[in-house]
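Colleague: Each chain is listed here by its residues.
Number of protein chains: 2
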Amino acid sequence: EQGCSDRCSNPSDSNIRKKEHEKMEKYQGLKEEIEKCGSDVCMTFLPCYCIFVCTDLLPASGGEKVTKEFLHELLNILLGYICKSSRRSGKVLDFHHPHQLKEGLEGFSLQLTDKPETLEQILVDCRDTLKYGVNTGHPRFFNQLSSGLDLIGLAGEWLTSTANSNMFTYEVSPVFILMEEVLLKKMQGIVGWSDDEGDGIFCPGGTISNLYSILVARYYFYPEVKTRGMRALPQLAIFTSEHSHYSVKKSAAVLGMGSENVLMVKCDESGKMIPVELESSIVAAEERGLVPFYVNATAGTTVYGAFDPFNDIADICHGHNLWMHVDAAWGGGLLMSDRHRMKLQGIERAWSVTWNPHKMMGVPLQCSVILIKKRGLLQDCNELGAEYLFQRDKPYDVSYDTGDKSIQCGRHVDVFKFWLMWKAKGSEGFGSQVNKCLENAEYLYDQLQRRTGFELVFKNKPEHSNVCFWYIPPTMRGLPPGPDRDTRLHQVAPRIKHRMMEQGSVLIGYQPLGDKVNFFRCVFSNPATQQEDVDFLLDEITRLGNDL
Amino acid sequence: EQGCSDRCSNPSDSNIRKKEHEKMEKYQGLKEEIEKCGSDVCMTFLPCYCIFVCTDLLPASGGEKVTKEFLHELLNILLGYICKSSRRSGKVLDFHHPHQLKEGLEGFSLQLTDKPETLEQILVDCRDTLKYGVNTGHPRFFNQLSSGLDLIGLAGEWLTSTANSNMFTYEVSPVFILMEEVLLKKMQGIVGWSDDEGDGIFCPGGTISNLYSILVARYYFYPEVKTRGMRALPQLAIFTSEHSHYSVKKSAAVLGMGSENVLMVKCDESGKMIPVELESSIVAAEERGLVPFYVNATAGTTVYGAFDPFNDIADICHGHNLWMHVDAAWGGGLLMSDRHRMKLQGIERAWSVTWNPHKMMGVPLQCSVILIKKRGLLQDCNELGAEYLFQRDKPYDVSYDTGDKSIQCGRHVDVFKFWLMWKAKGSEGFGSQVNKCLENAEYLYDQLQRRTGFELVFKNKPEHSNVCFWYIPPTMRGLPPGPDRDTRLHQVAPRIKHRMMEQGSVLIGYQPLGDKVNFFRCVFSNPATQQEDVDFLLDEITRLGNDL
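Protein chains in written order, with the working numbering: chain G, 60 to 607; chain P, 60 to 607.
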């Protein structure tokens, strides 16, 4: 009687109690043995957790053994998943429609009830959650800019959640706050800023990082905006390329600047911003009475992976006294590679940089950074000095209480996994990883030119790991260019993707862009991917699209 | 030779190579044995990982055994930490100043280098990181609104990071997207909204949730703001109480509305907004030419834990056609308790609600939700329809691609740990947890009145788990009220806190508020905390402050 049900916080329902009592009787002997034994011996008594509920875990008295056993069993489940994800023989996904999952497949119910489940059932729920999810670590998952599963990064995440802390003050996160400082300095140095410049913060994703850059730029030119709002300012204009990420527009909408005041600058065939177009856009905007103040250049566009000409853009920004931001969310990783970092030449002239280590550097989601060249701006722009957090009469150097730099107040610890990966790989390890991903892209580019039925979306060798292409099924190969062919071709990628999802063998994205109908975009950011996977992808597209 | 160094991505440096070769020779025999054995046997050969680097982990060929062993060893470290955190005999923190940690304590170096470390060193780094951090799960950590370490929530986080996915589309996160839907509906029902209303999204923290509410409210009244910006709108005004969270002002600054257009409404002695003050503020603002559109009411203020009078505020909002938001980041958890949910009466009349399960419900950081009553607004307000993500020609119901509802684009999976905890506790389990925290607060409130040397900041019984008080050292007990006493009293809490940090035995926050000098704020959100911990806190304050 001094067992589970007494410690349980939900003892009201008599059915639950009765069931528990039955189980208790059945397993009482076993439980006693477990409680007597040390944790190592305990491991041999699996699965004793089937009689326990969550209130038997720590911090309940005597919960140590159950906790250890529960987490060990969880580890076995996660390890099984990790090992399976690494095998090419396993599926990337096992697709089900929303209604199928909602109806409950093989007893997997998403619904929540008033009563607790046993730990045994919790572990079953964990297994099912992984089973019906998408295996983003699979070497043949090419669907997103973030992929792969770095085991050191994973270890970092597990530790982070165990520490369960918050980035607002040094007081509660001394080590993580200092790691953030170390990493930000490191990244600023790699961008090419000098030791006496550079500031920044880890953000929940690249869009928020880009939003920060506009926010700080606006404050830099018009500090009164903080108290008085946009109505006290002239009508500002933002410039970004037509291939840039939609977060620039989204940020302008959120910040009360209006998405129509984001002016889209034309790109060349390979997706790079054309400097003279930027210059003439700025002049035209001024003539319309707008006040240009911010230019976003992109290092690694989302679809083509293009790098804007940073030095030319910096010259123009300098000439017009505009804030230059570089959105290197995707392309920043290339700075780690001696072979590829020259593609970002001129980035050091930017006043702010977005860089997402969770993309090209393989850090688990989320890990995104905004770097600001001028120190103190971020703090001035965002601080409100809430006294319940940021007391000035603390016994340590309160400049380490970085929470007031942020707009989020409480901030998830995204830094540790990244720090740990850097320790484990060294800067050089990240460089090798980037090189490998770009080699895969080059291999795909070569294969596309050699194989029948494939057509490149743009002819130049890709600069990043994005490769864009159409698959032309045999029946379409003789068709002349024109609207009829376009209409048919537009449907090919979605139909192949549909079949891919049903088969679950591989996953790749597609989209239209400008006047170009749906094409595949393959991206490489998972260092587990090998050339054989590239071959497999092309074979699979051919196999699935051959009859279209 | 076919071992580690060949698979290593950083083979360039000859010193590293040499060291590795030496190690290889030394451990070759051991390694061979490990590679021959199954994983269970392998466990007996600890620590073989000392010869490996991260490139030996999965997905490297043959990396399965090393991976298992590495993660098992990590689990041992984390389990050791978890067990220790649950013990009262352990310290809450082991304080070091920033410069001490930066200099490197006992070989723990934060600096990052070009070369990789061995897995053995990585595990040492993990141990050190935990060692110098703050134990937020300790039953005597009262410093923040989030505390405790829920083991099921932790399991959820570990699985989430293993799945390493992103919330933008159903395609890559089918299960998590549906869990978000289930949880949002559940929470909307608990708030009191009908089945045919309610929308929402998980956000990176309560500040961002509050920001969302203002963003959506602004769009609801002035949809043109999305494209044209704030300059196309009249000068809007926001109302919130002087005790409310600073995120309302911060959001107004970010959104380009200006922090001075956030009008602070007076509170009564216990920190509740005074409805007639709200009414007169609205009228006064209108007379000044401002356009009121949004009122933030608070359920559980940050310092006092006060609940605003929601029905009165709702009446005023209804009369003036204003958006009513309830910031229940801290107080939302009380909705789970039959005993306490009446404190939020009238919340169902709000048009939006912020609710952070990572606070009162004990979900690991971060887990915050914005609920919006009117469906579709969130999507309309934020969508930009990026075609590389949100294709309309997908083979499933694309209304499940919820990413375009968000401002973040990529979104961390914060939902699974919460879902898993709900499964494990049931709604009732959360209710019991909340009740227990509030019982601790009542116990502290009683003790403060019984013990000598303590003074309550406000006389009423606390509504939430916040208890605010001064400690008056013996030498100050005879002093008459006035500036001299205030000056001295103002220094008491910081000095006691300083000593607390040095001792590491307990951690509690303090702050001034309005005309009140520094006082302690104790909050209870960790279900591991018992009455004995409350007694300990008061004993410790007395012991540390007795001579001041």
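No lab work stands behind these hints, which were simulated from the structure alone. Small disclaimer: the values here were computed from a predicted structure and weren't measured. Treat each hint with caution, since some may be false.
Using 30 Å as the maximum straight-line C-alpha spacing, the simulated DSS-like pairs for lysine-lysine come out as follows [stated by the list, open to error]:
| no. | chain 1 | residue 1 | chain 2 | residue 2 |
| --- | --- | --- | --- | --- |
| 1 | P | Lys-190 | P | Lys-331 |
| 2 | P | Lys-331 | P | Lys-495 |
| 3 | G | Lys-190 | P | Lys-244 |
| 4 | P | Lys-190 | G | Lys-245 |
| 5 | P | Lys-575 | G | Lys-453 |
| 6 | P | Lys-453 | G | Lys-453 |
| 7 | G | Lys-325 | G | Lys-575 |
| 8 | P | Lys-331 | P | Lys-402 |
| 9 | G | Lys-190 | P | Lys-575 |
| 10 | G | Lys-453 | P | Lys-518 |
| 11 | P | Lys-453 | G | Lys-143 |
| 12 | G | Lys-161 | P | Lys-453 |
| 13 | P | Lys-495 | G | Lys-174 |
| 14 | G | Lys-150 | G | Lys-190 |
| 15 | P | Lys-174 | P | Lys-143 |
| 16 | P | Lys-174 | P | Lys-161 |
| 17 | P | Lys-453 | G | Lys-575 |
| 18 | G | Lys-244 | P | Lys-161 |
| 19 | P | Lys-495 | P | Lys-150 |
| 20 | P | Lys-245 | P | Lys-518 |
| 21 | P | Lys-161 | P | Lys-190 |
| 22 | G | Lys-150 | P | Lys-453 |
| 23 | G | Lys-325 | P | Lys-518 |
| 24 | G | Lys-325 | G | Lys-518 |
| 25 | G | Lys-143 | G | Lys-190 |
| 26 | G | Lys-402 | G | Lys-575 |
| 27 | G | Lys-161 | P | Lys-244 |
| 28 | P | Lys-174 | G | Lys-244 |
| 29 | P | Lys-245 | G | Lys-174 |
| 30 | P | Lys-143 | G | Lys-453 |
| 31 | P | Lys-161 | G | Lys-453 |
| 32 | P | Lys-190 | P | Lys-174 |
| 33 | G | Lys-575 | G | Lys-518 |
| 34 | P | Lys-174 | G | Lys-402 |
| 35 | G | Lys-495 | G | Lys-520 |
| 36 | P | Lys-245 | G | Lys-161 |
| 37 | P | Lys-453 | P | Lys-245 |
| 38 | G | Lys-174 | P | Lys-161 |
Colleague: Would you mind marking each hint as holding or not holding in the structure?
Modeller: Consistency of the hints with the structure:
1. P:Lys-190 x P:Lys-331: violated (41 Å)
2. P:Lys-331 x P:Lys-495: holds (24 Å)
3. G:Lys-190 x P:Lys-244: holds (24 Å)
4. P:Lys-190 x G:Lys-245: Holds - the C-alpha atoms of Lys-245 of chain G and Lys-190 of chain P are around 24 Å apart, at most 30 Å.
5. P:Lys-575 x G:Lys-453: holds (18 Å)
6. P:Lys-453 x G:Lys-453: violated (55 Å)
7. G:Lys-325 x G:Lys-575: It holds: about 15 Å lies between the C-alpha atoms, which stays within 30 Å.
8. P:Lys-331 x P:Lys-402: Judged against 30 Å, a Cα distance of about 12 Å means the pair holds.
9. G:Lys-190 x P:Lys-575: Roughly 56 Å between the alpha carbons, so the hint for Lys-190 of chain G and Lys-575 of chain P is violated.
10. G:Lys-453 x P:Lys-518: It holds: about 28 Å lies between the C-alpha atoms, which stays within 30 Å.
11. P:Lys-453 x G:Lys-143: holds (27 Å)
12. G:Lys-161 x P:Lys-453: holds (19 Å)
13. P:Lys-495 x G:Lys-174: Holds, because 18 Å separates the two Cα atoms, which is no more than 30 Å.
14. G:Lys-150 x G:Lys-190: holds (10 Å)
15. P:Lys-174 x P:Lys-143: violated (33 Å)
16. P:Lys-174 x P:Lys-161: holds (20 Å)
17. P:Lys-453 x G:Lys-575: holds (18 Å)
18. G:Lys-244 x P:Lys-161: It holds: about 14 Å lies between the C-alpha atoms, which stays within 30 Å.
19. P:Lys-495 x P:Lys-150: With a Cα-Cα distance of about 23 Å, the restraint between Lys-495 of chain P and Lys-150 of chain P holds, given a limit of 30 Å.
20. P:Lys-245 x P:Lys-518: violated (36 Å)
21. P:Lys-161 x P:Lys-190: Holds, because 15 Å separates the two Cα atoms, which is no more than 30 Å.
22. G:Lys-150 x P:Lys-453: holds (20 Å)
23. G:Lys-325 x P:Lys-518: violated (66 Å)
24. G:Lys-325 x G:Lys-518: holds (18 Å)
25. G:Lys-143 x G:Lys-190: With a Cα-Cα distance of about 11 Å, the restraint between Lys-143 of chain G and Lys-190 of chain G holds, given a limit of 30 Å.
26. G:Lys-402 x G:Lys-575: This hinted pair holds, its Cα atoms lying about 26 Å apart.
27. G:Lys-161 x P:Lys-244: Distance of about 14 Å is within 30 Å: holds.
28. P:Lys-174 x G:Lys-244: holds (18 Å)
29. P:Lys-245 x G:Lys-174: Holds, because 14 Å separates the two Cα atoms, which is no more than 30 Å.
30. P:Lys-143 x G:Lys-453: Holds, because 27 Å separates the two Cα atoms, which is no more than 30 Å.
31. P:Lys-161 x G:Lys-453: holds (19 Å)
32. P:Lys-190 x P:Lys-174: holds (25 Å)
33. G:Lys-575 x G:Lys-518: Within the cut-off at roughly 14 Å; holds.
34. P:Lys-174 x G:Lys-402: holds (24 Å)
35. G:Lys-495 x G:Lys-520: holds (16 Å)
36. P:Lys-245 x G:Lys-161: Holds, because 15 Å separates the two Cα atoms, which is no more than 30 Å.
37. P:Lys-453 x P:Lys-245: holds (28 Å)
38. G:Lys-174 x P:Lys-161: violated (48 Å)
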